[in-house]
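Just so you know, the protein sequences line up as chains C and G, in that order. Just so we're aligned: 24 in our numbering is position 24 of the first sequence, and the numbers increase by one with no gaps anywhere. Just so we're aligned: 52 in our numbering is position 8 of the second sequence, and the numbers increase by one with no gaps anywhere.
Calculated directly from the structure, the hints in this document are not laboratory data. Please note: incorrect hints may appear among the correct ones.
[What the hints assert, rightly or not] What follows is a set of in silico ranges between Cβ atoms, one per label pair, in the way DEER data are often shown:
hint	chain 1	residue 1	chain 2	residue 2	range
1	G	T181	C	E32	14 to 22 Å
2	C	V8	G	A166	37 to 45 Å
3	C	E26	G	G142	40 to 48 Å
4	C	R11	G	R205	16 to 24 Å
5	C	R11	G	G142	19 to 27 Å
6	C	K27	G	E176	28 to 36 Å
7	C	V10	G	A70	30 to 38 Å
8	G	R216	C	D21	24 to 32 Å
9	C	P43	G	T181	19 to 27 Å
10	G	T116	C	T44	30 to 38 Å
11	G	E66	C	D17	31 to 39 Å
[To be verified] Pairs of lysine-lysine residues, derived as BS3-like cross-links and limited to a Cα-Cα distance of at most 25 Å, are as follows:
hint	chain 1	residue 1	chain 2	residue 2
12	C	K27	G	K204
13	G	K204	C	K15
14	C	K15	C	K27
15	G	K63	G	K204
16	G	K63	G	K158
17	G	K158	C	K27
All C-beta atoms in this analysis are idealised placements derived from N, C-alpha and C, irrespective of residue type, glycine included.
Residue-level listing of the chains:
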Amino acid sequence: MLEEAGFVDVRIGGKVDTFGDAEGEEKARAYEVYGYSFLANKPT
Amino acid sequence: MSQALPVDVDALRDEVREKYREVAVAPNATYHFHTGRAAAARCGYDAAIVDALPDRAVESFAGVANPFALRTLEPGERVVDAGSGAGFDSFVAAHQVGNAGRVVGIDMTAEMLKKSRDTADALGFAQVEFREGFLETMPIEDGWADAVISNGVINLCPDKRAVFDEIRRVLRPGGHLQFADIANGRPVPPEALRDIDLWTG
């Protein structure tokens, strides 16, 4: 979607176990939900 | 091209506001996500920067990863924090851009805006400002920002394409979008997408 919106040079960082040991862990595990860092640029 | 949204936008915004109002006024309550310094450590923030911030600047943090992990902001940059909450990422950004930079946080929750503004005043961060608004229609002029940061907020917006279009509008050519958010490895069924409770919990 980032590229569809016109961004370039898209990068994705490593995953973070955002919900591990939290109340939402069960739902997060059910859909394999993790946190990620993203970087993208607007073209010059 | 417009696409039918899976939920009522106003109803979802009301649910999100209520959830994050709670996080603003009762940061130490139990939520389905981690908050505060524990959340910041889990997300991999620079401990020296976090440790230097007072509790009120960190306690309502509810991010999902680190928007500074792939790029550190440059001194003097102009930054928009899309969905700034109680201001934690804006304060980290202020540390990175320094006194010559500017940081504008955008949020729709009154209690978060008050907390972030009060904390900025207490910390003497003159280069930080918080404005009320939605991510789909941010109160920022075209091409103003060198960088847009965000953390765990875009997933709460049903029309993500509209949000990315708006971020592209406020960025200067060559500007950077650096954000953190959740992504699912297994498909979420349509009935779950229509369940507003699942968007916030």
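Structure-based check of all given hints:
1. T181(G) to E32(C): 14 to 22 Å: violated, 32 Å
2. V8(C) to A166(G): 37 to 45 Å: With Cβ atoms ~40 Å apart, the hint holds.
3. E26(C) to G142(G): 40 to 48 Å: holds, 43 Å
4. R11(C) to R205(G): 16 to 24 Å: Between R11(C) and R205(G), where Cβ atoms are some 20 Å apart, the hint holds.
5. R11(C) to G142(G): 19 to 27 Å: Hint holds: Cβ distance 25 Å, inside 19 to 27 Å.
6. K27(C) to E176(G): 28 to 36 Å: Hint holds: Cβ distance 30 Å, inside 28 to 36 Å.
7. V10(C) to A70(G): 30 to 38 Å: holds, 37 Å
8. R216(G) to D21(C): 24 to 32 Å: Because 40 Å falls outside the window, the suggested range is violated.
9. P43(C) to T181(G): 19 to 27 Å: Check passed, 23 Å falls within 19 to 27 Å.
10. T116(G) to T44(C): 30 to 38 Å: Given a distance of about 21 Å, which is not inside 30 to 38 Å, the answer is violated.
11. E66(G) to D17(C): 31 to 39 Å: violated, 23 Å
12. K27(C) to K204(G): Within the cut-off at roughly 22 Å; holds.
13. K204(G) to K15(C): At roughly 21 Å apart (the allowed maximum being 25 Å), K15(C) and K204(G) satisfy the hint.
14. K15(C) to K27(C): Given pair K15(C), K27(C) holds - Cα atoms ~17 Å apart, limit 25 Å.
15. K63(G) to K204(G): holds, 20 Å
16. K63(G) to K158(G): holds, 16 Å
17. K158(G) to K27(C): violated, 32 Å
When each numbered hint is compared with the structure, violations occur for hints 1, 8, 10, 11, 17.
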